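K.L.:
So the chains spell out like this:
Protein chains: 2
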Amino acid sequence: MTSPLTAAEVRRFRALHDKREREAQGLFVVEGEKVVTELSTDGPPWEALLVTADSGLATRPGARVIPAADMARISHFPTPSTAFGVLRLRREVLGPRELAQGRTLALDGVQDAGNVGTLLRIADWFGLDRVVMGQDCADLFSQKVINASMGSFSRLRVVTAPLAEALATVPATVPILGCDLHGEDIRRLPPLEHGVIVIGSEGRGLSPAVAARVTRRVTIPRFGKAESLNAAVAAGIVCAHFRR
Amino acid sequence: MTSPLTAAEVRRFRALHDKREREAQGLFVVEGEKVVTELSTDGPPWEALLVTADSGLATRPGARVIPAADMARISHFPTPSTAFGVLRLRREVLGPRELAQGRTLALDGVQDAGNVGTLLRIADWFGLDRVVMGQDCADLFSQKVINASMGSFSRLRVVTAPLAEALATVPATVPILGCDLHGEDIRRLPPLEHGVIVIGSEGRGLSPAVAARVTRRVTIPRFGKAESLNAAVAAGIVCAHFRR
Chain A
20 MTSPLTAAEV RRFRALHDKR EREAQGLFVV EGEKVVTELS TDGPPWEALL
70 VTADSGLATR PGARVIPAAD MARISHFPTP STAFGVLRLR REVLGPRELA
120 QGRTLALDGV QDAGNVGTLL RIADWFGLDR VVMGQDCADL FSQKVINASM
170 GSFSRLRVVT APLAEALATV PATVPILGCD LHGEDIRRLP PLEHGVIVIG
220 SEGRGLSPAV AARVTRRVTI PRFGKAESLN AAVAAGIVCA HFRR
Chain B
20 MTSPLTAAEV RRFRALHDKR EREAQGLFVV EGEKVVTELS TDGPPWEALL
70 VTADSGLATR PGARVIPAAD MARISHFPTP STAFGVLRLR REVLGPRELA
120 QGRTLALDGV QDAGNVGTLL RIADWFGLDR VVMGQDCADL FSQKVINASM
170 GSFSRLRVVT APLAEALATV PATVPILGCD LHGEDIRRLP PLEHGVIVIG
220 SEGRGLSPAV AARVTRRVTI PRFGKAESLN AAVAAGIVCA HFRR
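Protein chains in written order, with my numbering: chain A, 20 to 263; chain B, 20 to 263.
If you're looking for bench data, these hints aren't it; they were derived computationally from the structure. Since the model is a prediction, treat every value here as computed from it, not as a measurement. Accuracy of the hints is not assured; some may be wrong.
Given that identical chains are not distinguished, each listed pair holds provided it fits within a single copy or across any two copies.
Claimed, not checked - Keeping only pairs whose Cα atoms sit at most 30 Å apart, straight-line, the calculated DSBU-like set for lysine-lysine is:
1. K244 / K38
2. K244 / K53
3. K53 / K163
Given these sequences and hints, build the entire structure.
P.N.:
Laid out in structure tokens, this is it:
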């Protein structure tokens with residue numbers, strides 16, 4: 020049975036594009052047949068699961084089949100997808116001694132949403148224990164970050180925190196690694212069980228307050244002439260060494 | 020002296036957004052103060068170099084200062100930049116035995132322009148000898164590829180070729196490496212002096228004709244649960260191992 024959205028519902032779901040509206044409603048959107056299907060298996064419960072009749076999820080208990088025209092009205096995609104899930108937004112808080120243990124990826128001012136999502140995939144692939152997002156990063160719950168993370172947002176512990184302050188809680192025995200052009204050759208870095216890898220923004224690198232907390236500067240050797248690597252590519256290479 | 024664009028010039032420069040127009044005019048655009056300045060030092064000669072009065076290039080011989088309103092009309096950016104360079108488009112052709120020597124990055128159906136540009140930066144950073152782009156990749160001369168490459172397009176040899184046919188010319192002594200989930204552990208791969216790294220599209224991986232040419236399957240070990248890494252991130256990790 021197809022159940023059209025009311026005008027008020029269309030407005031409410033569409034509004035989730037906007038960060039202030041997400042905060043006000045306490046909800047965010049996951050869109051796309053593949054990722055919604057994946058999250059439906061073992062993921063968090065949906066606040067709403069809206070699908071079109073041609074979705075593989077149309078017969079799933081709890082799914083609400085809506086007309087394709089309604090999906091086009093609320094979709095965050097240029098080409099509307101067949102599945103639109105709404106989840107409760109919950110911001111995780113960093114524990115007082117949490118960064119003393121395990122492997123952390125910390126993002127400092129990474130504003131490109133695609134890069135943030137790609138970085139979450141990397142943290143998930145390499146089984147890091149958490150991602151700390153500084154307050155000037157792209158919003159974790161924006162559609163672009165959620166999409167680019169390919170579901171990794173749901174499998175990872177992601178906390179938002181003032182980054183320089185958070186790094187101040189890291190004990191001296193746990194290295195805080197920052198990537199630049201004049202550090203130790205990453206190829207000589209031993210695998211690390213406990214540590215924080217800090218990634219800065221593409222354009223400006225690390226902020227001074229965060230850079231001051233870095234205890235170990237590492238460098239990916241350059242053989243050619245490019246001025247830099249993309250931030251997510253650099254993070255991937257550092258994580259691969261971290262866990263070799 | 021500011022020299023406004025004629026209506027015909029505005030049309031001609033704007034049209035370079037479009038691939039068919041680029042081919043017809045034999046020109047493409049590099050935009051942005053930073054990359055245009057970098058290329059002005061030791062790069063190729065500009066067919067046209069259009070700048071606004073506040074550009075650092077305004078006094079450069081050969082630069083034409085145009086009104087900001089004209090720049091806004093031709094700019095490929097949402098926020099118009101201060102420098103718009105036009106270069107002659109030249110497609111390089113693969114030599115008959117070229118893939119037998121050195122290090123090659125080969126792109127199979129990588130349609131995301133940002134990923135293609137990021138891959139060119141990686142090839143440039145790691146000093147690879149060339150990039151071969153299969154015919155179903157994003158257009159090298161599109162604004163998004165050129166921008167994301169951050170100038171690397173001008174320092175690299177990039178050829179477009181039917182990829183499966185090109186790989187058929189690789190001698191048996193030169194490995195063709197493809198990344199998947201069931202290959203050799205990349206950490207055990209020795210550095211390679213001669214070889215081809217093939218990168219597939221994000222969604223579909225390698226095409227069957229190209230996959231059939233791969234002689235060595237390699238895998239980046241996974242420690243967590245992400246289904247895959249971004250294609251450019253994977254390429255960066257493989258190249259870092261390739262050159263360690």
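K.L.:
Measure nothing new, just compare the shortest in-copy and cross-copy C-alpha distances for K244 and K53 to 30 Å and report within, between, both or neither.
P.N.:
between (39 Å within a copy, 16 Å between copies)
K.L.:
Should K53 paired with K163 be assigned to within, between, both, or neither, using CA atoms and 30 Å as the limit?
P.N.:
both (15 Å within a copy, 27 Å between copies)
K.L.:
At most 30 Å between CA atoms: does that hold for K244 and K38 within a copy, between copies, both, or neither?
P.N.:
Cα proximity of K244 and K38: across copies only (28 Å, versus 39 Å in one copy).
Hint compliance for this structure: every hint is met.
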